[in-house]
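Using the sequences plus the hints, can you model the full thing?
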Amino acid sequence: MKKTHIVGIVIIAVAIAIIVSTYGNSSTYATFAEAKESAKEMHVVSHLVKSKPQHYDPIKDANYFSFYATDNKGGECKIVFFGTKPQDFEKSEQIVLTGEMVGNEFHASKILMKCPSKYTEQGGDMKEFSSVKKATAL
Amino acid sequence: MDIQYVGEHLLPGKIGQFFIVLAFGTSLLSTIAYYFQTVKDKNDTSWRQIARWSFRVQSVAVVGIIASLFYIIYNHYFEYNYAWAHSSKTLPVEYMISCFWEGQEGSFLLWAFWQLVIGNIIMRTAKTWEDSVMTIIGLSQVFILSMLLGVEVLGHRIGSSPFILLREAMQAPIFKDPEYLIKYIADGKGLNPLLQNYWMVIHPPTLFFGFASMVAPFAFAIAGLWTKRITEWIKPAIPWALVAVMVLGTGIIMGSFWAYEALNFGGFWAWDPVENASLIPWLTMISAVHVLVVYKNTGHSYFTALFLTLISYILVLYASFLTRSGILGETSVHSFTDLGMSGQLVIYVLAFLALSIVLIVFNWKKMPFTEKEESIYSREFWMFIGALVMTLSCLQIIGFTSVPVINKLFGTDIAPPLEPVAFYNQWQMPFAVVVAILLGFSQFMKYKKSEPVKFWISTGVSFVMSMLITAIVAYFTLFNGLTTIYGEGFKNTNDFNWMFLVLVFAAVFGVLANFTVLSDAIKGKFKLTGSAIAHIGFGLMLVGALIAASQNKVISINTAGLDYGSQFDAKNKRENILLWKNEPMKIDKYTVTYLGDSTVGVNTYYRVNYKAFDANNQVSENFDLYPLGQQNPSMGLVASPDTRHYLTHDIYTHVSSVPKKETEEEEHKPHEGHNDDEEYEKPVTYKVGVGDTIFFDEGKVVVKGINKNAQLKDIPLTSNDLAVGLMLDVIANDNNEITPVEPIYLIKNNAVFSFAKKMDEFGLKFKFVNILPKENKFELVMLKKPGKQKDYVIMKAIVFPYINLLWSGTIIMVIGFLFAIARRVKEFRASEKTTGKKAKQTA
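Chains as they are written, first to last, in numbering that gives the first Met the number 0: chain E, 0 to 137; chain V, 0 to 842.
One thing to keep in mind: the hints can contain errors.
Said to hold, decoys possible - Far from chain V, some chain E residues (derived; all Cβ distances over 10 Å): (1) T30; (2) H46; (3) N62.
Claimed, not checked - Derived lysine to aspartate or glutamate pairs resembling DMTMM-like cross-links, with alpha carbons at most 25 Å apart: (4) E:K59 with V:E680; (5) E:K59 with V:D728; (6) E:K51 with V:E760; (7) E:K39 with V:D494; (8) E:K51 with V:E741; (9) V:K188 with E:E92; (10) E:K2 with V:E372; (11) V:K447 with V:D494; (12) E:K49 with V:E680.
Unchecked claim - Computed beta-carbon distance windows for the label pairs: (13) V:Q617 with E:E92: 51 to 61 Å; (14) E:I5 with V:K365: 26 to 36 Å; (15) V:Q427 with E:K72: 46 to 56 Å; (16) V:L594 with E:V9: 58 to 68 Å; (17) E:V9 with V:N296: 19 to 29 Å; (18) E:I5 with V:W497: 23 to 33 Å; (19) V:I229 with E:G7: 18 to 28 Å; (20) E:A32 with V:I714: 49 to 59 Å.
Calculated from the structure, these hints are not laboratory results.
Since the structure is predicted, the reported quantities are computational estimates derived from the model, not experimental observations.
For every residue, glycine included, the Cβ atom is placed at its ideal position computed from N, Cα and C.
In structure tokens:
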């Protein structure tokens, strides 16, 4: 066998590994109920429940913020975010949460919120907030 | 009926639009003329004259577009959508330039400008290649300028003009008023505060110069296939490929420096889709450079060289489709929003893809495919492998960045990776290791065939030396040596991964091997200087990036927070701390004090003092940082860090939350006497019934009931008067302590009074303003003081060790590219001379 063939085979193997890991392992957006079953980290697309309490007291703890949200199927859950409360949080239209269920609470490590932009009619501004900087976890 | 609008300046827009049409027309003309010059009789150069002149006119026209747009922005003509959307009256002149690339139209304009610069250089220097290469560049220019046209053809709008008026861009009732401009449009929306940074003035032009220069090697390759000079295009293409890689690389790293200096995600690279989009073509082009050099030296790997050169430009177009079509909206925070041009972008990508495929298919049989195998002991074999590894790493990035495209095409619902940074790093680290090792030992080989014994000796020596150096480097960067930066008491709590050590070793080996080559180069073999320097820079960059990304440490860990149980604490380090004004706090080895804020224009700077003490209690370090927080009406709090730079490390600080300030709008409201409510946030009115609850950050308010026999201290009540108290319980969240409050509603002598009550602990004030008997409800106004009375700031501080390795590595790499470009240009000139002589001799 020629060396180039061997190289070719190795390359194809790695390429397949990449594709499999990209699309085979990937998660889809979940609901709170699914997140509870799987006990893994997940993305949940949700909406803020404006009638339920939000808790953020920076003077006591600048890194604890809790609120309630409903997922796309209407399931409601208490969310705990270990970071500062994003500004204009009340105005958010949609919140994409990354995190996992711990008991009956969803512990979010990342909040991606979509706000209605004051000026543009379509679309809106996206903002991302992370509690713990994960760059270290290589 | 047409409305006669007052106060509009329509002339600069008309001139600008004229220049757009002129530029588009002449770009089309020059492309067609160059096409005919290429396929027609060579002795008749009339087509070339037309092509050159129309290209020159086009250059003037594009400069004209830029000048008109700048004139509009500079004079604050907010009747133009672009000026209104991207600038404001308070914007300093230097940032008016940044307005150009905040919007898509302006960034296309920039792209067109750079492509013209490259076109003009090629027109002068390409000699025999001028006609065919300029046809391709012209074609690309036609596509880009069409994005700016903003003209309707057969019901489809082609492009989006930067000279469109606000009233044309938007449908709103105010535009029925002829005096809308004077009455309603006082100021523009302003430039995104994050773009108001000097790096944003130079990063986008560099990046777009890089994107634009990618067209040159592509055009040479296409021209080569088209004019049947199947292999000759490689020599002139190499210097351009190097220019593209160097400039795009510089642009990317400037972007990451901007992210580090001005954005608050706490790092220099986040694997954001927009960042990836610029990295993808860079990776394929750097692979292309290596394979082009392989072909030039040995005649091997022709097709790979061709393929990589072509795909790089197609990926530039794909990347601009990703960032401009709005398709990344769900996964990226900072891509452009859709301007309705995605269709046009897709056509652009597909046109150039089709052109490449057709030409490859037609010329397939003429391409040189070598049957002979390369020796394992040859440089070209390993350069080729290295290029393939980089292409694979690129494939991984494309695969993940394209998830939204796959979702759209196949209707799937795949979520992006949960931890993109960790995920990409995990994949990219092994690729980086292989590349670093390869760029090391292949330098000990010669083209075609090298002496195995000699090779093993030099490699072995470098290998052993690298082991030693790696041990030293690793001690100072990954292990206990970090105490030199963090202070004696430091314990490294960062996650450790064996891959770090391997990568440090690989990079050290690469750097060392290239130092050997460099020392030879200084002795006289100048040819390899460029590659040696560039590789050394790349190796240092890898080490710097690895250390800064993996060993940075948040030093503002909050230990004062509530205890939520050990399970919480383990996972969630509290990375933000609250600093009261003038109350020093110890974080890491520093005593940090928040000293107050100052406001300059729209920006508020929070002055934070850092002090460190040595063993004798003497101040050893003392500096102030001014992280910025801007209360932006449309974006909320925009925070930008401030960083203290040391040779060995940086201390990086940004505010994550600050007490809300009164916005300017409210300040400028006419004061109706002195208002007691000024220190409160905007009042909120609630319609409540008995038993209802109102929540606020620190607790809740429960409506207990109505007190019909409310008494007021100083006001005697008669039987005709009505005084009602609303009994409220304020319940604190933390200890459930109940504080009753009773605001009173009074009707006396047919006048209505409302007696507000305060609840000072939480800075609350209640007003009972109305009774709604029909609904059995009450109207309650609640006011809350912002934060609490005292001034504070919540901030995050991170130490980045050895980050200067990363920056200096990139600078060294760019210097290496400069050397390499100089060498390849010389080679091309020399080859042109010899072919010129041969042509003369045969004639």
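_Cβ separation of E:V9 and V:N296, checked against the hinted range 19 to 29 Å_ = 24 Å, holds
*Would you mind confirming whether the straight-line C-alpha gap from E:K51 to V:E760 stays at or under 25 Å?*
23 Å, holds
*If you check the beta carbons of V:I229 and E:G7, does the distance land in 18 to 28 Å?*
About 23 Å separates the Cβ atoms of V:I229 and E:G7, which means 18 to 28 Å holds.
*Is it true that the CA of E:K39 sits at most 25 Å from the CA of V:D494?*
21 Å, holds
_With the threshold set at 25 Å, check whether the alpha-carbon distance from E:K49 to V:E680 stays at or below it._
Measuring from Cα to Cα gives roughly 19 Å; hence the hint holds.
*Below or equal to 25 Å on CA atoms is what counts here, so check V:K447 against V:D494.*
44 Å, violated
_Between the beta carbons of E:I5 and V:K365, is the distance compatible with 26 to 36 Å?_
Check passed, 28 Å falls within 26 to 36 Å.
*For V:Q617 and E:E92, compare the CB-CB distance with the range 51 to 61 Å and indicate the outcome.*
55 Å, holds
*For the pair E:I5 and V:W497, does the Cβ-Cβ distance stay inside 23 to 33 Å?*
27 Å, holds
*Please confirm whether E:T30 is truly not at the interface, meaning its C-beta sits more than 10 Å away from all C-beta atoms of chain V.*
12 Å, holds
*asked:* With the threshold set at 25 Å, check whether the alpha-carbon distance from E:K59 to V:E680 stays at or below it.
replied: 21 Å, holds
*Taking 10 Å as the cut and beta carbons as the points, is E:N62 off the interface with chain V?*
4 Å, violated
When held up to the earlier numbered hints, the structure conflicts with 3, 11, 15 and fits the remainder.
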